[in-house]
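Novice: Given next are the chains, with one letter for each unit.
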Amino acid sequence: MVDWGIPIGAGIAFGLGALGTGIAQSKIGSAGAGTIAERPETFGLMVILVAIPETLVILGFVVAAMIMIMLV
Amino acid sequence: MLQKMKKVQVLGPKKDLQSVVDVLYHSGTVQLEDISKTIRHGDTLLRKMDIEKGGDIANTLVKIGGIFLSLPKINYNTKKQEQIYDELQQLSHHDLLARANHVIEELESTTKDLAVKKNDLEFSLGAMDRYEKIIKKIQPLESQLPILEGFEVTVILIQREYREVLDFIKNTLVEITKKQFEMISADIDETTIAAVIVFNKRYTDGVHSLIFSQNVNEVRLPHEFLGKPFNEILQMISVKRMKSIDEMAAIDENLVNLATEWYQELAVLKKVLEDRNAEVGVFGKFGQTEYTFVILGWIPKKYLESTKKALKDAFGNRVFVNELEVSPENMDEAPTFYDNPAIVKPFEFLLQMVNAPKYREVDPSPLLALFFPFFFGLMVGDIAYGIIILVFALIIKKKYKMELWLQHLMNILIISSIPSIFFGFVFGEFFGNFGEMMGWIHPMTIAGVTWNRVEAIVPMLILAIAIGVFHIFLGLSLGILNAITKKSKKHVMEKAGMIIVITGLILVIGGAAKIVPDILLQIGVVLVVIAVPLIIYGGGFFGVFEIISTVGNILSYARIMAIGMASVILALVANKLGGMTDVAVLGFFIAALLHIMNLVLAIFSPFLHSFRLHVVEFNSKFFEGGGKMYKPFRSEKEDETVK
Numbered sequence: 001m002v003d004w005g006i007p008i009g010a011g012i013a014f015g016l017g018a019l020g021t022g023i024a025q026s027k028i029g030s031a032g033a034g035t036i037a038e039r040p041e042t043f044g045l046m047v048i049l050v051a052i053p054e055t056l057v058i059l060g061f062v063v064a065a066m067i068m069i070m071l072v
Numbered sequence: 001m002l003q004k005m006k007k008v009q010v011l012g013p014k015k016d017l018q019s020v021v022d023v024l025y026h027s028g029t030v031q032l033e034d035i036s037k038t039i040r041h042g043d044t045l046l047r048k049m050d051i052e053k054g055g056d057i058a059n060t061l062v063k064i065g066g067i068f069l070s071l072p073k074i075n076y077n078t079k080k081q082e083q084i085y086d087e088l089q090q091l092s093h094h095d096l097l098a099r100a101n102h103v104i105e106e107l108e109s110t111t112k113d114l115a116v117k118k119n120d121l122e123f124s125l126g127a128m129d130r131y132e133k134i135i136k137k138i139q140p141l142e143s144q145l146p147i148l149e150g151f152e153v154t155v156i157l158i159q160r161e162y163r164e165v166l167d168f169i170k171n172t173l174v175e176i177t178k179k180q181f182e183m184i185s186a187d188i189d190e191t192t193i194a195a196v197i198v199f200n201k202r203y204t205d206g207v208h209s210l211i212f213s214q215n216v217n218e219v220r221l222p223h224e225f226l227g228k229p230f231n232e233i234l235q236m237i238s239v240k241r242m243k244s245i246d247e248m249a250a251i252d253e254n255l256v257n258l259a260t261e262w263y264q265e266l267a268v269l270k271k272v273l274e275d276r277n278a279e280v281g282v283f284g285k286f287g288q289t290e291y292t293f294v295i296l297g298w299i300p301k302k303y304l305e306s307t308k309k310a311l312k313d314a315f316g317n318r319v320f321v322n323e324l325e326v327s328p329e330n331m332d333e334a335p336t337f338y339d340n341p342a343i344v345k346p347f348e349f350l351l352q353m354v355n356a357p358k359y360r361e362v363d364p365s366p367l368l369a370l371f372f373p374f375f376f377g378l379m380v381g382d383i384a385y386g387i388i389i390l391v392f393a394l395i396i397k398k399k400y401k402m403e404l405w406l407q408h409l410m411n412i413l414i415i416s417s418i419p420s421i422f423f424g425f426v427f428g429e430f431f432g433n434f435g436e437m438m439g440w441i442h443p444m445t446i447a448g449v450t451w452n453r454v455e456a457i458v459p460m461l462i463l464a465i466a467i468g469v470f471h472i473f474l475g476l477s478l479g480i481l482n483a484i485t486k487k488s489k490k491h492v493m494e495k496a497g498m499i500i501v502i503t504g505l506i507l508v509i510g511g512a513a514k515i516v517p518d519i520l521l522q523i524g525v526v527l528v529v530i531a532v533p534l535i536i537y538g539g540g541f542f543g544v545f546e547i548i549s550t551v552g553n554i555l556s557y558a559r560i561m562a563i564g565m566a567s568v569i570l571a572l573v574a575n576k577l578g579g580m581t582d583v584a585v586l587g588f589f590i591a592a593l594l595h596i597m598n599l600v601l602a603i604f605s606p607f608l609h610s611f612r613l614h615v616v617e618f619n620s621k622f623f624e625g626g627g628k629m630y631k632p633f634r635s636e637k638e639d640e641t642v643k
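Line by line, the protein sequences are chains V and G.
For the first sequence, my numbering begins at 1 and goes up steadily by one.
For the second sequence, my numbering begins at 1 and goes up steadily by one.
Hints were generated in silico from the structure; no laboratory data involved.
We treat Cβ as the ideally placed atom computed from N, Cα and C, and that holds for glycine.
Incorrect hints may appear among the rest.
Across the chosen pairs, the derived CB separations fall in these ranges [what the hints assert, rightly or not]:
id	chain 1	residue 1	chain 2	residue 2	range
1	V	35	G	78	31 to 39 Å
2	G	510	V	69	17 to 25 Å
3	V	26	G	310	55 to 63 Å
Selected chain G positions facing chain V (Cβ under 8 Å, derived; list incomplete) [to be verified]:
id	residue
4	353
5	354
6	461
7	463
8	562
9	609
10	612
11	616
All chains should be modelled from the sequences, with the hints used to inform the complete structure.
Specialist: In structure tokens form, the structure reads like this:
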């Protein structure tokens with residue numbers, strides 16, 4: 001009997017992290033694109049700002065990997 | 001390495017100002033400051049320098065530049081140019097302008113006339129080509145045209161999709177000319193139809209206004225071609241074309257003769273005028289008394305003596321360089337000049353894209369140069385990917401030599417590809433597990449752990465977090481160093497408190513997880529209790545929340561493991577899918593496609609995240625930024641070569 005709870009849990013951990021990152025990046029990205037249009041010299045900073053919420057999905061991925069490995 | 005900056009005042013008699021500015025411009029070491037900010041209101045002795053009439057130089061420069069461009073390029077005669085340069089450099093503004101004006105008088109009208117004439121001939125040649133093309137196309141219709149006295153012939157061009165306009169024109173012509181016309185049409189190419197209309201001259205106005213009102217392209221032949229048979233017109237075109245080509249060749253020869261005589265002088269004159277124009281442009285930053293000028297600026301200590309010597313050689317004791325005392329706080333205004341070794345330069349560039357460091361701060365670029373390739377290598381960790389990145393960067397670097405930013409980025413990739421290959425050996429990865437499948441390579445076993453990234457997830461995570469702890473502690477230590485330089489006791493306490501509290505928390509977690517002895521757990525608790533008041537003293541009550549943020553920063557280093565693992569899993573998928581098909585070529589194609597995609601991600605993602613770990617996690621512990629970089633007063637071309 002396959003225990004579906006573990007992969008579903010891992011999926012939720014990763015999926016919600018990805019969703020959170022996506023929502024945050026969409027807002028930062030559009031604002032950043034506007035900023036770069038006005039002041040192109042801020043490009044470097046904007047790239048970093050867009051990358052900031054990626055922490056969420058990365059930690060989600062780590063948690064998902066831990067669930068899969070430690071609980072299976 | 002941060003270069004010490006000195007604030008200097010250059011003083012001298014006003015009559016030497018132009019020459020002094022010229023010496024400073026060519027030594028290219030001083031960053032000029034606007035002295036008007038330091039002149040106190042009501043100061044009767046020192047006042048702002050009147051801006052020189054730069055307009056004359058700028059206008060002359062434009063004219064000389066125009067003549068220079070209109071002449072054909074010939075080889076630079078370096079020796080002759082040097083000779084002219086030395087000669088022109090000696091001239092005062094007035095004499096230089098007189099010489100330039102003489103050159104303009106000699107050349108401007110001649111080159112202008114020749115250029116206009118050549119332009120006209122080129123235009124006429126283009127028109128001849130157009131007429132020839134159309135006439136050749138409609139020539140077969142000639143035999144169908146009636147030859148009548150008092151009749152006019154016109155040709156119109158219509159796009160095929162508007163073919164119905166022809167019918168409309170035909171019907172209207174019946175009314176306008178009372179049937180005294182003939183219209184024949186034929187396709188001249190895939191998109192265009194030509195129609196020849198012959199009509200009684202009495203109806204000229206009516207016919208032309210009809211054609212105009214229909215927005216149809218009417219081919220208006222030159223006057224001399226009118227009424228001639230097409231064959232004759234073609235012959236005339238051919239003769240005219242030959243004549244134009246001969247005339248153009250004569251003009252070119254004339255221009256080459258002029259260039260042979262004047263090109264070297266024009267090139268040097270242009271350069272000297274550009275320099276003088278730049279020099280005049282900064283006069284507004286200087287100060288003056290009745291007989292002297294005052295120039296204020298920053299100069300790196302290592303260039304101070306050579307600059308002083310250049311001025312002394314040129315002016316003896318007439319011009320004086322005064323080193324000003326600057327308080328440590330005011331040194332924040334000093335421009336930042338890091339004379340880093342070539343290997344650190346690309347990282348310096350990367351950092352400046354986000355924020356330039358202040359003068360009194362520790363320069364993060366050498367640390368970025370050390371840790372960035374390390375993090376990048378840990379994330380990519382594949383021999384084949386590393387080699388491809390290296391080759392890719394070398395090709396791009398060679399191909400786009402003039403793009404400075406691209407050169408810097410490719411240098412970063414080249415440096416970072418080395419650790420990628422190294423960690424590829426450690427993790428036993430060559431296109432993911434392909435090398436291992438082929439038996440070429442195996443993951444290394446170090447400290448009892450086989451560093452296969454898919455299986456050793458927990459050790460990789462611990463390694464990533466450990467790197468994070470070390471990196472953050474390093475950042476906090478640099479923060480303490482910066483705070484000591486600025487004599488900010490509170491910041492020293494806050495940063496030190498943070499190091500202690502994080503150490504305490506690690507011991508507590510280690511003790512609770514039974515990884516370290518119980519006694520260390522108690523020590524950990526004591527450390528936290530000691531450190532929290534230090535943080536509150538340094539950063540206020542809200543400083544305590546910084547602990548959570550710092551722990552978050554450390555956990556953020558988990559991305560080193562996560563991105564690496566995501567990359568290796570994608571490589572595994574590529575190999576697996578490639579191996580599943582029965583057709584070897586198809587399998588290879590699928591695997592190659594996925595590996596290329598993974599490689600693009602492997603360049604972009606680790607690059608961005610290594611950089612981000614520095615800018616967001618590491619630099620925030622000590623780096624304030626907002627400084628201005630050292631921009632000496634010199635020609636922009638020189639600036640680019642120095643970089």
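Novice: Which of the listed hints are broken here?
Specialist: Failing hints, ascending: 1, 7.
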